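Chains A and B supply the protein sequences, listed in that same order.
Taking the numbering used here, the leading residue of the first sequence gets 1, the next gets one more, and so forth.
Taking the numbering used here, the leading residue of the second sequence gets 1, the next gets one more, and so forth.
Hints in this document: simulated from the structure, not taken from any laboratory.
Treat the hints with care, as some may be off.
Stated by the list, open to error - To spell it out: a stretch of chain A is covered by chain B in this simulated footprint if at least three of its residues, at any positions, have a beta carbon under 8 angstroms from a beta carbon of chain B; those stretches are:
1. 96-108
2. 199-209
3. 239-252
As the list claims (entries may be wrong) - Among chain A residues calculated to face chain B with C-beta under 7 angstroms, some are:
4. Thr111
5. Gly112
6. Val116
7. Phe119
8. Gly120
9. Asp349
10. Glu353
Quick caveat, the model's predicted, so the values are computed rather than measured.
Positions of the beta carbon are idealized from the N, C-alpha and C atoms, including for glycine.
The residues making up each chain are set out below.
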Amino acid sequence: MADAKVIPFDDDRSRARRRPGRADGEAAAVRALPGPQHGPEEPEGRREARDGLPGSGGGREAGAGAGAGAEPEAPVVVDAGPGGAAEEGAGGGGWERRLAGGLAFLRRRITGDYEVDEFGYDEELTDQVLMSLLRPLYEKYFRVEVKGVENIPADGGALIVANHSGTVPLDGLMMQVAVHDHHPAGRHLRLLAADLVFVLPIVNELARKAGHTLACAEDAERLLRAGEIVGVMPEGFKGIGKPFGERYKLQRFGRGGFVSTALRAGVPIVPCSIVGAEEIYPMIGNARTLARVLGFPYFPLTPTFPWLGPLGALPLPTKWTIQFGEPIPTDSYAPEAAEDPMLMFNLTDQVREQIQHTLYKLLVQRRSVFF
Amino acid sequence: MGKVVLVTGAARHLGGRFVRRIQRDPEVERVVAVDAVDPAHQLGAAEFVRADIRRPEIAKVLAEHDVDTVVHLDVTGTALGGGGRTSVKETNVIGTMQLLGACQKSPRISRLVIKSSTSVYGSAPRDPAVFTETTPAKSLPSGGFAKDAVEVEGYVRGFARRRPDVAVCVLRFANILGPRIDSPLAEYLALPVLPTVLGYDPRLQFVHEDDVIDVLRLAAHEPRRATQNSGTFNVAGDGVLLLSQCARRLGRPTVPVLLPAVTWVGTALRTVGITDFAPEQIRLLTHGRVVSTVQTREVLGFSPRYSTAETFADFARGRGPGLLPPEMLAGAVDRLAGRLTPAAAAPEAAAPEAAAPDAADSPVAPVHRVHPVHDGV
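Whenever a hint applies, use it, and build me the whole structure from the sequences.
Next up, the structure:
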C-alpha cells in the first residue's frame with residue numbers, strides 16, 4: 001500500500017509552483033470543515049447495504065425500498081425517516097417528534113402523495129432516504145473534506161465540472177452529498193449521468209429519483225435554465241475507467257459540449273477537483289472480453305476484485321477532499337459565442353487546467369491516501 | 001356565414017363529446033359527424049353520415065356539405081366493436097390518406113385538425129428527459145399505434161406542403177384519461193394488481209378529456225389574438241406522476257416482473273383478451289415519456305385546466321377502490337402514530353393534514369392534492 005501514497009509528479013510540481021499567487025488565493029478561500037475523524041471500522045454494517053448502489057449488488061436492497069411495491073418500502077422508511085429528521089430538527093423536539101415526522105413521511109409515501117419533477121426527481125425521497133443512506137459512507141467511511149463550497153452560487157444556475165475516477169461513480173454521489181449537506185443555501189446538485197445508467201434496471205430508477213438525468217445538451221440546458229445546479233463529469237468513461245497508473249491525470253474533456261451549454265444558459269462554470277476517489281478501486285486490469293459480453297465500457301480488475309468475491313467489491317477507505325474552485329463567469333459572452341469552436345476549446349482547456357492544478361495542489365497537501 | 005365542421009371518429013366517446021360541444025359554438029353553422037359505425041350516443045343537432053374514411057366516398061361527403069373545417073379524430077389505438085389490429089391500422093393510415101386526398105381536392109377546406117399522440121417520440125433510455133415538438137425520436141416506434149401516428153403525421157406534413165393555404169394543426173396528446181375514457185392505459189390501470197417492469201419507474205403524463213375537447217375547439221376555430229393555431233403542439237397536463245405513485249394513489253398493489261417476462265405476460269394477457277398490452281405500451285411503462293408544453297402555452301395559447309395529478313385523481317374517482325385503498329393505509333399509519341406517540345397523536349388525529357407540515361421538518365409537498373380520504377368513492 002506504500003506505493004499508493006507516491007504520486008508521480010514529474011513536471012507537475014513545477015507547474016504548480018509557477019502560479020503561487022493563485023494557489024495562495026485559493027488557499028485563503030479554503031474553509032476546512034470539522035469533519036468527523038472516526039476510524040473506518042465503525043460504519044462497517046451500514047456500508048454493506050449501500051456501497052453497491054451505483055453497481056448492481058447492494059442497489060437491489062435500496063431499489064426494493066424505493067421501488068414499486070407499497071409494503072417493501074415500510075422497513076426502509078421507518079429506519080431512515082427518523083435519521084433524516086434527526087439531521088435537521090435535532091434541537092427542536094424529542095424522539096416523539098421525530099417519530100411523528102417519520103410516520104407522516106411514511107403516510108405520504110404509501111398513499112403516493114408526493115411530487116416529482118419532470119425529470120423524475122423525488123426531492124423528499126432524496127432528502128430523507130437516499131442522502132441518509134449515503135451520509136455514513138460520506139462522513140464515516142471516506143471522511144470527505146469539502147473546500148470552497150461557497151463558490152457555488154446561492155441562487156441561479158451553475159454548472160459544476162469535476163474530474164471523474166474510481167471505477168464506480170461514487171465520486172458523483174459524494175459530490176451530491178457535499179453540496180446537499182454543506183451548501184449554506186441548501187442547494188441540490190443535479191448530476192448528468194452516462195446513458196448506461198438509464199439502461200440498467202433499478203439503477204436508472206434510483207438515479208432519476210435522486211435527480212440525475214441523461215448527459216445530453218437538452219437536459220443540461222433545461223436544468224440550467226430552471227436555475228438548478230448541474231454537475232457534469234466530462235471525462236466520462238475515459239476518466240472513471242482509466243488504469244490506476246494514470247490516476248489524477250485528467251483525460252480529454254469530451255468535445256467541450258458542457259461549455260457551450262453553460263454559455264447558452266449564461267451560467268457560471270464551477271470547476272471541482274475530487275481527490276481520494278482514484279484509489280477506492282485501484283484498477284490494475286481490464287477484462288475487455290467480459291466487458292464486451294456484459295455490454296459495459298470496461299470490466300475492472302483490482303487487487304481484490306473479483307478474486308475475493310463480494311468482499312473484493314468493498315472500496316478502500318481512502319480520505320477524500322472535494323474542492324470547489326473559483327467560478328468562471330460566462331455571462332460576458334454573446335450568445336453566438338457558443339457557436340465559436342475556438343473559444344469553446346479555450347474555455348474547455350481553462351476549466352481542465354484549473355481542475356488539474358487544484359488536483360496537484362491537493363495531492364501535495366495530502367498526508368496519506370488513507371488519513 | 002358560419003363554419004361547417006366535419007368530425008371523423010364520431011362514434012367514439014371523445015368524438016361524440018366533441019361533436020356535441022362544438023355545435024354550441026356560435027361561429028359554427030353545421031356539424032357533420034362521420035364514422036363507419038353508428039354511434040351509441042346522442043350527437044345533438046349534428047348530421048351523422050355513415051361513411052368509411054378508408055373509401056373515396058369521403059370526398060363526396062366533403063363536397064356535398066361544403067365542409068371548411070375538418071377535425072380528424074379517427075386516429076386511435078383500439079378498434080371500436082371488434083376488428084383486429086389490421087383494420088385499426090387501415091383506418092388510421094389509409095383513412096388518413098383518403099381524407100387528406102379528399103381535402104386536397106376540396107377548394108373550400110381552410111382548416112385541418114389532426115389528433116396525434118406523444119407516442120410518436122417513442123420511449124427509450126437514451127432519449128432526453130423532456131421532449132419538445134422538434135426533438136427527433138431516438139428509436140422510431142417499430143409498430144402498433146405509435147407507428148401509425150408517425151405515418152399519419154408524415155402524410156399530414158406532405159398535405160401541408162401541398163396546400164399551404166390550409167391551416168394544419170397537429171395535436172400530440174399525452175395519455176388521455178378521464179372518468180369515461182377507454183384506452184389501453186386505462187384498461188391497464190383497471191387491473192386489480194398492476195404488473196410493472198422490475199427496476200423501472202416510468203414518468204407518465206396525462207391529459208384530461210375535458211382539456212382535449214377544449215384544445216380541439218381552440219384549434220378548430222380562428223386563432224385568438226396574438227396566438228397561432230397551425231403547427232404541431234404537445235398537449236399534456238402539468239406535472240409528472242411516476243407509475244409507482246399512480247399505483248399507490250389508485251390503491252393497487254404492483255408486481256414487479258423482469259422485462260423479458262413482462263413481454264411474455266403481455267402477450268399472454270393479450271391472447272386472453274384482458275388487456276391490449278402492446279409492445280409500445282410496455283416501452284411506455286418501462287421508460288416513460290414526458291413532453292414539454294411550452295409551445296402549447298405560448299403559441300397556441302392553451303393552458304390545460306387539469307394537471308396530470310388532477311387528471312389522475314379524477315380518473316381514480318371514477319374507478320372502484322383497489323385492494324389497498326390509500327385511505328386505509330393512511331388510517332393504519334395514523335392509528336400506529338396514535339399508539340406509538342400518545343402526545344403527538346392528539347393533533348395528528350384531529351387534523352392529519354395540518355399536523356404534517358410541522359411534524360415533518362422538510363417543506364412538505366401540498367398535502368391536499370389527492371387525498372382520497374375526502375374523495376369518498
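To see whether the hints hold, each was checked on the structure:
1. 96-108: holds (count 11)
2. 199-209: holds (count 9)
3. 239-252: With 0 residues close enough to chain B, the hint is violated.
4. Thr111: holds (4 angstroms)
5. Gly112: Holds: closest Cβ of chain B sits about 3 angstroms from glycine 112(A), inside 7 angstroms.
6. Val116: holds (6 angstroms)
7. Phe119: Holds, because the Cβ-Cβ distance from phenylalanine 119(A) to chain B comes to roughly 5 angstroms (cut-off 7 angstroms).
8. Gly120: Constraint on glycine 120(A) satisfied, holds at 5 angstroms.
9. Asp349: violated (28 angstroms)
10. Glu353: Not OK, violated: glutamate 353(A) not within 7 angstroms of chain B, min 30 angstroms.
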